[in-house]
Structures are given as C-alpha cells and as structure tokens.
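Quick mapping for you: the protein sequence lines, in order, are chains B and F.
Our numbering puts the first residue of the first sequence at 1, with every later residue one more than the last.
Our numbering puts the first residue of the second sequence at 1, with every later residue one more than the last.
Hints are computed from structural coordinates only; laboratory data are not their basis.
Do not take every clue at face value.
Unchecked claim - 25 Å max Cα-Cα, derived SDA-like pairs, lysine to any residue:
| # | chain 1 | residue 1 | chain 2 | residue 2 |
| --- | --- | --- | --- | --- |
| 1 | F | 70 | B | 100 |
| 2 | B | 78 | F | 24 |
| 3 | F | 56 | B | 102 |
| 4 | F | 70 | B | 98 |
| 5 | F | 59 | B | 101 |
| 6 | B | 78 | F | 55 |
| 7 | F | 56 | B | 99 |
| 8 | F | 70 | B | 56 |
| 9 | B | 11 | F | 40 |
| 10 | F | 56 | B | 98 |
| 11 | F | 59 | B | 102 |
| 12 | F | 56 | B | 96 |
| 13 | B | 11 | F | 59 |
| 14 | F | 70 | B | 65 |
| 15 | B | 11 | F | 38 |
| 16 | B | 11 | F | 104 |
| 17 | F | 70 | B | 7 |
| 18 | F | 70 | B | 44 |
| 19 | F | 70 | B | 99 |
| 20 | F | 70 | B | 11 |
| 21 | F | 70 | B | 59 |
| 22 | B | 11 | F | 41 |
| 23 | F | 56 | B | 100 |
| 24 | F | 70 | B | 102 |
| 25 | F | 59 | B | 104 |
| 26 | F | 70 | F | 24 |
| 27 | F | 57 | F | 18 |
| 28 | B | 11 | F | 39 |
| 29 | B | 15 | F | 40 |
| 30 | F | 57 | B | 104 |
| 31 | F | 56 | B | 104 |
| 32 | B | 78 | F | 96 |
| 33 | F | 70 | B | 101 |
| 34 | F | 57 | B | 102 |
| 35 | F | 57 | B | 101 |
| 36 | F | 57 | B | 100 |
| 37 | F | 70 | F | 55 |
As the list claims (entries may be wrong) - Here are the simulated distance ranges between beta carbons:
| # | chain 1 | residue 1 | chain 2 | residue 2 | range |
| --- | --- | --- | --- | --- | --- |
| 38 | F | 51 | B | 72 | 29 to 37 Å |
| 39 | B | 63 | F | 16 | 51 to 59 Å |
| 40 | F | 97 | B | 53 | 15 to 23 Å |
Every residue, glycine too, gets a C-beta built ideally from N, C-alpha and C.
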Amino acid sequence: GAGVSQTPSNKVTEKGKYVELRCDPISGHTALYWYRQSLGQGPEFLIYFQGTGAADDSGLPNDRFFAVRPEGSVSTLKIQRTERGDSAVYLCASSLGTSGYEQYFGPGTRLTVT
Amino acid sequence: TQLLEQSPQFLSIQEGENLTVYCNSSSVFSSLQWYRQEPGEGPVLLVTVVTGGEVKKLKRLTFQFGDARKDSSLHITAAQPGDTGLYLCAGRRIQGAQKLVFGQGTRLTINP
Numbered sequence: 001g002a003g004v005s006q007t008p009s010n011k012v013t014e015k016g017k018y019v020e021l022r023c024d025p026i027s028g029h030t031a032l033y034w035y036r037q038s039l040g041q042g043p044e045f046l047i048y049f050q051g052t053g054a055a056d057d058s059g060l061p062n063d064r065f066f067a068v069r070p071e072g073s074v075s076t077l078k079i080q081r082t083e084r085g086d087s088a089v090y091l092c093a094s095s096l097g098t099s100g101y102e103q104y105f106g107p108g109t110r111l112t113v114t
Numbered sequence: 001t002q003l004l005e006q007s008p009q010f011l012s013i014q015e016g017e018n019l020t021v022y023c024n025s026s027s028v029f030s031s032l033q034w035y036r037q038e039p040g041e042g043p044v045l046l047v048t049v050v051t052g053g054e055v056k057k058l059k060r061l062t063f064q065f066g067d068a069r070k071d072s073s074l075h076i077t078a079a080q081p082g083d084t085g086l087y088l089c090a091g092r093r094i095q096g097a098q099k100l101v102f103g104q105g106t107r108l109t110i111n112p
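All chains, full assembly: derive it from the sequences and hints.
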C-alpha cells in the first residue's frame, strides 16, 4: 500500500512569504505528526493530531506556524511571514493510534527561505 | 540542550570493522527506538526496546536498552557499505509519550 506522501518535495520561497506544506497519511491512520529536521540535527516534534483535533501543539515554535487536519486525513502545515531560520526539512508521520504505535514517516518537504 | 545525546556524531570506518553508537540521557524513557534515515527520505524504524536491560538483535545489529531506561546502544558487527546512513535514536517519555524525542543522529560511513 501507499506510504505517507508529502508535497511539495522541495519549496523555495522568499523571506516574508506564506507557505503551505501538505501531508497525506497512510489510509486508516488516525494519528498524524509533524516534525522539523534542521541540517545536521534529528527531527524535532511540532504538533500531532488525533483525528481532526490538534492533541498537542507544544512544539510549534511561534504563532507564525499553524496546522490543520479538517477531515481527519490530509493535513496542511502553514507558515506565515517565513524567516530564513524556518529553512529545514518538514517531516510528516502517521500511525494507527497514539499509544505505542509505530510512526511511519514521509520523505519530507525541504523548505528553503531566501 | 539535547534531551538525547548521541555519540559519535560522525563515524567513518572500514568494511568488516565493528562499531558502537551510543544514545544517552538523564531522563527515563518508556521506550526507545532506533531509526535509519537515507538522504531525501524519512526515518525508517529499525527496532523498539521497552524493558530495562533488553537486548534485541537484527542480523548484524544489536540494540540494548540500559537497565535504568535512560540510555541505549547500537552495535554493528562486521560493518558493510550498505550500513552507511544516518542512525537516529528516539525516545518516548513517560508523559507525552505520543511524541518522539530524537537524538541529533550519527552519520555512519562504511568504506569498502
């Protein structure tokens, strides 16, 4: 079956612009996670959804970052007024549930803010 | 401050050698996982260890969870060029176990 897909694979934007990153989880997975991986670092948790609601958004760095999952499947990570420090690979993962289930990661979206 | 410290961060060795990668923390984890990540791809789960002192083997890879569930190690025997990649440890905390806490990774290169 299809794994987690993310679009676009690469996004170059200018400082100050708005971007949206999309994640299509594995069908039937109720939990969805966003992580950010800066160059030379491990992934850092941003937010996770159980169904349609954001169960934990404690990793979002500031109010320029927002994520939605309106129908409990596809999720969009939105970044307003992008800054050069936002440049990173944004990873999405999904799992069957949240307690101890394996998280399956997508290939990521590489965001570059110039 | 990194919650999970991996060492070494970079390792380059010859084919056939053995190596160990360490993942250390001052915090207790309910479980610890090891991932491998290739360029342009997301991390792929290799193993999960749950019980203090647990040892799991995956072919030439041996994973150990510390008795106090604060640290883990990955040992590779007779490394091969196909083992080249970024190895990440990740823990689930006692509270907030839904989100993974990752180490900074160990970039391993096995030279033929």
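Status of each hint after checking the structure:
no.	hint	in the structure
1	70/F <-> 100/B	18 Å, holds
2	78/B <-> 24/F	34 Å, violated
3	56/F <-> 102/B	17 Å, holds
4	70/F <-> 98/B	22 Å, holds
5	59/F <-> 101/B	23 Å, holds
6	78/B <-> 55/F	41 Å, violated
7	56/F <-> 99/B	21 Å, holds
8	70/F <-> 56/B	24 Å, holds
9	11/B <-> 40/F	14 Å, holds
10	56/F <-> 98/B	23 Å, holds
11	59/F <-> 102/B	21 Å, holds
12	56/F <-> 96/B	24 Å, holds
13	11/B <-> 59/F	38 Å, violated
14	70/F <-> 65/B	32 Å, violated
15	11/B <-> 38/F	20 Å, holds
16	11/B <-> 104/F	24 Å, holds
17	70/F <-> 7/B	36 Å, violated
18	70/F <-> 44/B	19 Å, holds
19	70/F <-> 99/B	20 Å, holds
20	70/F <-> 11/B	38 Å, violated
21	70/F <-> 59/B	22 Å, holds
22	11/B <-> 41/F	16 Å, holds
23	56/F <-> 100/B	18 Å, holds
24	70/F <-> 102/B	20 Å, holds
25	59/F <-> 104/B	22 Å, holds
26	70/F <-> 24/F	6 Å, holds
27	57/F <-> 18/F	15 Å, holds
28	11/B <-> 39/F	17 Å, holds
29	15/B <-> 40/F	24 Å, holds
30	57/F <-> 104/B	21 Å, holds
31	56/F <-> 104/B	21 Å, holds
32	78/B <-> 96/F	24 Å, holds
33	70/F <-> 101/B	21 Å, holds
34	57/F <-> 102/B	18 Å, holds
35	57/F <-> 101/B	20 Å, holds
36	57/F <-> 100/B	20 Å, holds
37	70/F <-> 55/F	14 Å, holds
38	51/F <-> 72/B: 29 to 37 Å	34 Å, holds
39	63/B <-> 16/F: 51 to 59 Å	53 Å, holds
40	97/F <-> 53/B: 15 to 23 Å	18 Å, holds
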